[in-house]
Structure formats: structure tokens, C-alpha cells
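> Residue numbers (the UniProt record's numbering), protein chains in the order written: chain A, 1 to 185; chain B, 1 to 566.
Since the hints were made in silico from the structure, they are not lab data. Please note: incorrect hints may appear among the correct ones.
[Said to hold, decoys possible] Below are the DMTMM-like pairs computed for lysine to aspartate or glutamate, each with C-alpha atoms no more than 25 Å apart in a straight line: (1) B/Lys17 <-> A/Asp163; (2) A/Lys104 <-> A/Glu132; (3) B/Lys406 <-> A/Asp139.
This is what each chain is made of:
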Amino acid sequence: MYGDKALELIMELKRAAEGSLPAYNEDGVRQVLEEMSVLYDQNQADVLQEPSMTGGESLISAVQFRHTCLERNQRCLLAYLHNRMEMIKTMRWEFGSVLPPDIKNNMSEQESQWFNRYSKSLASYMRSLGEEGLDLTQDRKPPKNLFIQVRCLMDYGEFETEDGTLVVLKKNSQHFLLRSQCDLC
Amino acid sequence: MLISDIRLQFYDKILNKRVLLLVSHDVDALCACKILQSLFHCDHIQYTIVAVTGKQDLERAYLEHSDQLEFVVLINCGANLDLLDLLQPEENVTFFVCDSHRPVHVHNVFNTNQIKLLVNSGDEFNFPAFEDVIHNEHSDDDDSGNESDEPSGKRRRFDEETLERKMEKRRKRREWHENKEKIMYEYEEFSYHGTAASLVMYDLAWKLSQDTNDLLWWAITALTNQLIAKKIDREKYVSDVTELNRHVSRHNHRGNEEENPLSVNSMKVSFVPELQLTLYKHWSLFESMKHSSYTACTLKLWTLKGQKKLHEFLADMGLPLTQSKQKFTAMDKDFKDNVKDWVETSAKKFGLENISVPSFQVQFGFKHKFCAFDVAFSVDSLLESVSNSKSAEERFMEALDCLSRKYISKLEDGVELCKQQMMGVVNQVQTLLDMKKVVSAGPFLYAFIPDGTPDSKFFSRPNCLMLLGRFLLEAYVKLYNRRRSRNLPLVVTAPFDTADGTSLVVGIPPLPELEQASRNFFGKAFEQAASKTGSRTLHDHFEPSVVVLKTEDRSKFFDALISLLQ
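Take the sequences, apply the hints, and build the full model.
Rendered as C-alpha cells:
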């Protein structure tokens with residue numbers, strides 16, 4: 001059936017476990033493209049036939065059917081590529097500019113090119129922020145609370161907060177401190 | 001000084017300040033701490049929590065953490081100590097003491113600047129009058145000052161008069177001192193417990209309109225623990241339960257169930273009469289009856305006759321033995337649904353009239369359903385767990401965690417621990433009774449748990465030893481049924497630290513007193529016995545009736561105790 005191959009690609013992407021990138025299915029993509037070119041050729045042949053020939057009207061529905069198949073295949077392919085791109089994009093935010101090798105191996109040539117360019121432009125954007133640049137990949141969600149509970153697992157000694165208060169961080173004591181100050185240490 | 005408006009005089013004072021919380025090692029303190037924590041989280045009050053096990057610990061923790069702090073909150077510790085004398089604080093430090101230990105030390109009561117006592121307004125204290133116990137040095141100085149100002153010539157003339165006046169004054173002072181001794185003795189003779197700290201804290205939360213079902217449940221847990229540990233009598237318990245029940249119905253009032261169904265995962269607290277059987281919902285009914293002090297003591301389960309009686313009881317209920325030995329959750333549904341009613345009806349025939357107690361249960365999700373007794377027991381066992389790898393502070397943190405719904409699996413660990421503890425207690429009671437190791441020393445009974453007993457490690461923890469003591473006393477009285485022994489108190493000792501050669505001594509007041517007033521005279525008695533004989537004791541625990549004693553000094557100490565109590 002027309003369109004089955006394209007659907008398979010989409011399904012494959014959908015079935016992939018969250019946070020992983022399935023291998024780029026080059027074979028599948030090529031088969032869909034071949035199917036499309038066959039459909040296109042057939043349509044061309046039918047359209048170029050003499051309109052005066054008998055049964056000319058009956059051809060119209062066939063042409064329309066093939067055209068819909070073509071469009072559907074095209075849409076599926078674009079969705080496949082686009083979704084992979086989005087996945088790669090989120091991975092850039094999660095893993096940083098260097099991806100783990102198993103993910104890298106699953107990318108196509110063009111995808112890794114795109115990744116490098118995306119990575120580069122993101123890095124230059126982050127560098128332009130503020131005076132010394134700002135790492136946007138940290139703290140992507142706003143904190144729910146300004147304060148945080150701290151439990152000491154080992155003796156740390158005295159810890160001076162920004163407003164000058166001294167907190168003794170001793171093993172097995174529990175504190176409620178400003179989150180911004182705790183991130184520093 | 002007692003605080004009358006807890007919100008104005010306590011909470012508004014510490015808003016936007018940093019606070020040090022010193023929390024003692026018991027369930028009530030944990031729950032109060034949890035309630036206070038959730039209030040502090042709402043209002044962004046920075047705090048530091050430190051767990052303290054005893055008086056020395058309290059002193060050390062205060063010294064370590066008091067830097068730059070102006071406000072210290074003591075939960076379930078400190079009320080019966082002279083805080084200013086013990087901690088030597090700076091003048092600007094204020095202590096807020098929320099403690100159920102009574103009697104409150106008079107210096108704490110009459111200090112107006114630095115010590116504020118957070119108490120329930122309904123409690124009675126019977127404080128002695130100020131002028132009777134605190135000597136007013138100042139006025140005396142004035143008098144003597146006036147005297148020396150008088151011209152010397154006059155002085156000679158009035159010499160006789162002044163001498164008389166002086167004598168008179170000295171006599172008065174002596175009288176006053178004698179009177180003070182008497183009043184103080186009466187005031188401090190018995191130690192007992194007032195309203196739980198958690199209830200005071202819950203009251204605060206309610207006044208701040210920040211009370212939720214979670215906070216309410218903690219207050220319930222603390223109250224239930226007070227009953228289990230016999231810190232309060234039944235009457236007080238029932239009146240506090242009635243008070244809490246008003247909050248429970250306010251929070252869990254939903255109108256028509258079908259119209260506004262509540263999500264299954266939300267917390268629902270409900271008021272139910274509960275059986276006084278330890279952990280029966282997490283154990284089998286048979287085991288639970290064997291390990292609950294109420295049923296075990298009334299049916300005298302350590303005798304053959306008692307065992308038969310238990311079977312009779314189960315037969316009377318119409319519950320097959322296989323079912324009763326089955327895990328409660330795995331029992332047939334018909335039995336499970338009706339078992340509470342059946343136990344109640346059969347219990348009346350066997351002299352167990354008081355088997356059901358008004359209590360609460362909580363449910364969230366499909367799986368988690370706890371009754372207050374189970375939670376109170378489990379948290380206590382976590383706090384007193386005997387695994388070697390954990391320090392007291394770690395146990396405290398774990399017990400603090402298990403109260404939050406997020407760490408419900410820890411509470412389940414606590415249930416298992418509690419079962420082991422109860423089995424240890426029951427076995428020990430059986431052994432002591434079988435070997436006739438409970439001996440009458442005249443004015444009191446005593447029992448030694450020798451070193452090397454299989455479960456002796458459980459009894460190195462004060463609460464567990466007290467549990468054993470109460471169980472043992474009740475069992476002994478029921479078993480021998482002599483009129484004399486009914487009014488005798490019990491002293492139990494267990495090895496505390498074998499390497500140091502120390503034992504833990506706890507005193508259990510006689511049963512009638514335990515049932516009604518829950519007051520304990522052993523605190524004073526231990527203190528006097530120790531000072532008379534010079535025994536090496538450590539009165540470190542916040543509960544005065546718990547003492548650590550050098551094992552070598554035991555006979556000396558007990559001789560003094562006997563002569564003292566006669």
C-alpha cells in the first residue's frame with residue numbers, strides 16, 4: 001500500500017524510548033522517496049496522455065489519488081525529520097555541546113552538521129548575554145521557593161551568608177537557608 | 001513567663017528573624033517540629049534544627065549554634081530546667097519553651113525577659129507564689145544601706161534596738177527559707193506531663209489559618225503517643241481528642257460525597273473508635289493480641305490458662321484460627337469488615353471493657369491507611385531503633401522524615417521495627433515472670449535485666465525500657481493479684497553501655513497512679529538517693545525518672561532508695 005513505509009518511519013520514532021534518539025533510518029527514507037518518484041512518474045504519464053482518448057475522465061480520480069499519496073508521504077518525511085531535529089535540540093540543552101557517542105552515532109550526516117551549527121549559534125548567543133555571558137542551560141525552570149532545606153551530611157564548619165550571618169553547618173543539623181546562597185557552596 | 005497570646009508574643013516576634021530550634025528526642029517533639037517547620041516554610045523564616053538527647057547535649061548544641069542568634073525555640077525540653085543557669089545566655093537572647101514536661105522550673109516561670117513559655121491556656125500549673133520562692137535580694141540591700149547611712153552616734157544608742165531588729169530579720173529569713181523548702185518540695189515532688197507540644201503548635205497554626213490535614217495528623221500522632229507512653233491519663237486524652245475532632249470534622253467536611261468526590265490521593269482523616277491492639281492492621285490478629293499489653297495482661301497470656309483463654313476468645317468471636325493467624329490484610333473480607341465489632345462484643349465477656357479507644361485514622365491513595373496508634377508506635381520505634389550503624393541524630397532525622405507523606409516507605413520500615421521491639425518486650429516479660437525475677441524490695445518492686453539477654457539492646461533505650469516496665473508491672477499485678485503489690489511502683493534496670501559499665505534505670509509509678517494522674521515521683525527520689533550515697537549517676541535525660549547509673553554502684557543506690565521510700 002502506498003504510504004505504509006512513511007507511516008513506519010513515524011511509528012519507529014514514536015516508539016523510541018524517551019530521552020534516546022533512534023538511528024537515522026536511511027533505508028526507510030530512501031524507499032519512501034523511491035515510492036514517491038514512482039507515483040510522480042505514473043501521474044506524469046497519465047496527465048500527458050491525450051485528453052481526447054477514451055476513458056480520459058476515469059484517469060482523473062487515479063491521478064488525484066496518487067497526488068494525495070505523494071502529499072502524505074511528503075508530510076510524513078518532513079514530520080520525521082522535524083521531530084528528530086527537535087529531539088536533537090532538547091539534547092543540546094540537556095547534555096551540552098558534546099553529545100554521548102551512542103547518540104552521535106545515530107545521527108545522519110546532515111543532522112550532525114545542523115547540530116554543530118545550532119550549538120555554535122546558541123553558544124555565541126549565551127556569550128553575548130550580560131557581561132561575562134550566561135549559561136542558559138542551567139536552572140531552566142524558575143525555583144518554586146526562594147528558600148531550601150539543607151541537611152548536613154558532614155561537618156563543614158562555619159558558613160557565612162551574604163548578609164553576614166554565620167551558620168554552623170554541623171553534621172546532622174538541618175537548616176532552612178536562601179537557595180541563592182546555597183548554590184554557591 | 002507564660003505567654004497568653006501565642007501569635008502576638010511568639011510568632012510575630014520571630015517573623016523575619018533567624019531561629020534556632022532545639023528539639024528533644026520524642027514523638028511529640030518531632031511532630032511539633034514538623035508543624036513549626038511547615039509554618040516557617042510558609043513565612044520564609046530561616047531556621048536551624050538541632051536534635052538534642054539530654055541536658056549536656058542541649059548545652060553543647062546551644063553553645064555551638066548560638067552565634068548571632070537572638071531567638072531559640074526549645075521543643076519538649078528545658079521547661080523543668082533552670083535554663084539561664086544551664087546555658088548562661090547573652091542578655092539579648094530570648095528562649096521560647098514549648099514543653100510538656102511538668103513541673104516547670106520556678107526560675108523559668110518568673111523570668112519575664114528571656115524565657116517565654118508556650119503552653120495551652122487550659123492547663124493548670126499550681127505555681128507557688130512569687131514572694132514565697134524567689135528571695136528579693138534587692139529590698140534587703142536597701143535596708144542594710146539605710147542602716148549604714150545613720151550617723152554613728154545615733155547608732156550606738158540604738159544598738160540594742162538594731163540588734164533586736166537584726167535577730168528578728170534573721171529569724172524571718174530562716175522561716176522563709178524553711179517555708180520555701182516545703183513549698184518547693186511539694187511543687188517538685190511529682191513529675192508529670194501537660195498538653196502535648198504539638199497541640200500547642202497546632203493551635204498556633206490554626207490561629208494563623210495555616211492548618212491543614214497534614215498538620216492535624218501530626219498533632220494527632222503526638223497526642224496518641226502521649227497516651228501510649230502513659231504521659232497523660234485517659235481523661236485528658238479524651239478531652240484533647242474531642243478538641244481535635246472539631247478540627248478533623250472541619251477539615252474533612254465535604255457535603256454530599258457523590259456531588260463533590262475527593263481525589264483518592266488526597267489525605268482524609270476520620271474519627272473512629274480504635275481497638276487497643278498493637279499494629280493489628282499490619283500484623284495478624286493473633287500475634288497482635290499476644291503482643292498488646294492490654295489483652296496480654298488481662299488474659300494473662302504467659303500462663304497455659306491464659307493461652308486457652310485467648311483461643312476461647314477467638315472461638316467466641318467466631319473467627320477461625322487460620323484466619324486469625326493470617327495477615328490482617330489477607331483475611332477474608334467478611335471477617336475483616338466485621339472484626340472490630342466482634343472483638344468489641346466478645347471483649348466485654350472477657351473483662352476487656354476498655355479495648356476500644358476513640359482515635360483517628362488517615363487514608364491517602366488506595367494503599368495507605370494508617371491508624372494513629374500504629375503511626376505513633378512506629379515513629380517511636382524508628383527513633384529508638386537499635387541498629388548499630390546509626391547515631392542518635394541520624395535516627396532523629398529518619399523519624400522526622402517518616403512523618404512526611406513522601407517517605408511513607410520509611411514508616412513501613414518503622415512498623416516492622418516496632419513488631420520486633422514488641423516481640424522483644426513480650427519475651428522479656430515472659431522470661432522475667434517465669435524466672436520470678438520481679439522482686440519486692442519492700443516499698444517498691446524491682447527487676448534487673450542482666451547483661452547478655454538476647455534483646456537487651458532494645459532496652460538500652462529509655463522509651464522502650466519504660467514500655468517494658470509498664471507492661472511488666474501490669475502483668476505482675478494481674479498475675480499475683482495481691483492487694484499489696486497493686487500499689488507498689490516498679491524500678492527496672494537494663495544495661496546501657498556495657499563498655500562503660502553503665503545501666504539505665506527507670507521508675508514506673510504504681511498502677512493506680514499511672515492510670516489516673518500519670519505522675520511520677522521517681523525523679524526526686526533518684527536524685528536524693530544518688531546524692532545521699534554518692535553514686536555515680538547521670539541525670540541527663542529530660543525525663544527525670546530516667547537515670548544512667550554506674551553498674552557497680554547499683555546496690556548502694558538501691559539501698560538508699562529503699563530507705564528513702566519507706
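> Next, verify each hint and record whether it holds.
Cross-check of the supplied hints:
Only pairs whose Cα atoms come within 25 Å are accepted, and B/Lys17 paired with A/Asp163 is accepted, the gap being roughly 12 Å. At most 25 Å may separate the alpha-carbon atoms for a hinted pair to count; A/Lys104 and A/Glu132 exceed this at roughly 30 Å. Restraint check for B/Lys406 and A/Asp139: satisfied, since their Cα atoms lie roughly 24 Å apart, inside the 25 Å limit.
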